[in-house]
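So the protein sequences, as listed, match chains D and Y. Just so you know, we're using numbering that gives the first Met the number 0 here: the first sequence kicks off at 0 and counts up by one. Just so you know, we're using numbering that gives the first Met the number 0 here: the second sequence kicks off at 0 and counts up by one.
Simulated from the structure, these hints should not be mistaken for laboratory data. Treat the hints with care, as some may be off.
Each computed DSS-like pair below joins lysine-lysine, with the alpha-carbon atoms no more than 27 Å apart [said to hold, decoys possible]:
1) 138(D) / 119(Y)
2) 162(D) / 32(Y)
3) 51(D) / 257(Y)
4) 77(D) / 4(D)
5) 128(Y) / 77(D)
6) 128(Y) / 112(D)
7) 113(D) / 31(Y)
8) 128(Y) / 69(D)
9) 31(Y) / 9(D)
10) 51(D) / 128(Y)
11) 119(Y) / 51(D)
12) 217(Y) / 74(D)
13) 77(D) / 217(Y)
14) 119(Y) / 137(D)
15) 119(Y) / 69(D)
16) 74(D) / 32(Y)
17) 217(Y) / 69(D)
18) 77(D) / 31(Y)
19) 128(Y) / 24(D)
20) 31(Y) / 68(D)
21) 32(Y) / 113(D)
22) 119(Y) / 68(D)
23) 17(D) / 128(Y)
24) 7(Y) / 119(Y)
25) 68(D) / 128(Y)
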Amino acid sequence: MIHIKDVWKKYGHIDVLKGLNLDVKQGEILVILGRSGAGKSVLLRQIIGIEKPDRGSIEVDGVMISDIKKNEIYKAVKDMGMLFQGAALFDSMNIEQNTAFYLEQHGDPITGKKFSPAEIKNKVEEALAMVGLDGTEKKMPSDLSGGMRKRAGLARLIVYRPKILLYDEPTTGLDPITAQQINELIVQTQNELKGTSIVVTHDIASALYMADRLALHQEGQISVVAEPEPFFKTDNPTINFLRENLTHNQRKPQ
Amino acid sequence: MIALVRTKSLRILETIGDYVSLVIDVLLSALKKPPSWTLIREQLFHIGVLSLSVVAITGFTTGFVLAAQSFYQLGEKGLSGVTGVLVAKSMITELGPILTAFMVTGRVGSSMCAELGTMKVTEQIDALKSMAVNPNSYLIAPRFIAGIVMIPPLTLFSTMMGIFGGYLIAVNLFNLPASSYFAPMQIHITLFDVATGFIKSFVFGLLMVTVCCYRGMKTSGGAAGVGRATTQSVVTSYILILLSDFFLTMGLNLLHQKMHFDWMKGI
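Could you build all of it, start to finish, from the sequences and the hints given here?
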């Protein structure tokens, strides 16, 4: 589904990604763990085509994202979506306009069919209800709390039902209850859309709750990829530390 | 030292290349898929209608000063009769385009840069890209179109206000006859002067919008970065407007002289 081969990315004089390799399977939730500044978000930005790698290849669903021409990238990422760390809601638009944005721009991501205003309104209401934000349609992003903004960002993502969903630290800075709500929404979205999700997080409890597989991002590379049980049995200083500090033992519901 | 000069030169060349590439991309994307009328209308209102009062006051007061200066400087030599022509010629060919461009840069260009810069540092522009929307086409093209469409009429409006302001001072304060203010204009203000003012306003509008949008799109470094980018956008726009004014004045006058010379040779 997603094949990343020998990807390098440099900012200034610092190599953030150093020959990174990773394969993501169709229909799974892959959680990438790693320390701050390791380049996890950079990797997501390369996958969705916001930035290009300096070297290496990224293939998504048969399309070579890393080699694609600048003006063709927008067509190639139409059925992908990303939840940004700070939600990145458009602050000149209210929550309804934010959520409706993709549908108004592109219509249906697969067929390209344009929706009527009434259809868009229904879809927006449905998506906002799904994230528990019904009634906030006319509010501006600045009127919402951090957790509500994240949920609004999630509504903006799920409203167009992308096949590939990327989440950049979806629970960072949230209280445990809101974080758990976001975790549940991610799993629920995955189950409904049957897509492929990559979640970047520091939150071990969230990772264990969501992950089909876990990947450890270290020094610009993915050093370990495995299902949760074998992942935590791997002898690696970071994983040993995580194992020792693990206080939660929640698993993805079967 | 040589290495430093080399690095700086390379950075300047890189910036120019980046800027030109952005302008080409905006033009191509606007031609390929014109931005929606709603977005253009919003910017036309923001750049044009909301700037009317600022450019009117600027033109009007400049007309006052020009008339007063002309009267005091030329009156002693018995040339107070050319006050109207001096005000009109200065406003049409120089002060109208320059002052309008400066005022619009300060009012609109800075806000464009700050808005785009804030969108950049809060990942809103990345969010647009992630939703398969080209930010050059969605954000810059409507501003670009509105800028080049609105700045010439704003300049015309400011120029007219300047001539009218000069008239009020010359006739009411210095008791010049109204006919001596306007009559010489019909002889001395040529189509070339009007064309010069129009071409300059168009070029200044183009520079202002593209420089401010470019700076906004290249913003980094949080709130402080937005502040820096906004200042840079205004300073860079002012410098480019002044430089281009000189080159346009020279180029257009040389062209005009050549055309006039060729025409004279013809007869």
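>> Hints numbered earlier in the text: which of these fail when held up against the supplied structure?
In response: Going through the list in order, the structure violates hints 3 and 9 and respects the others.
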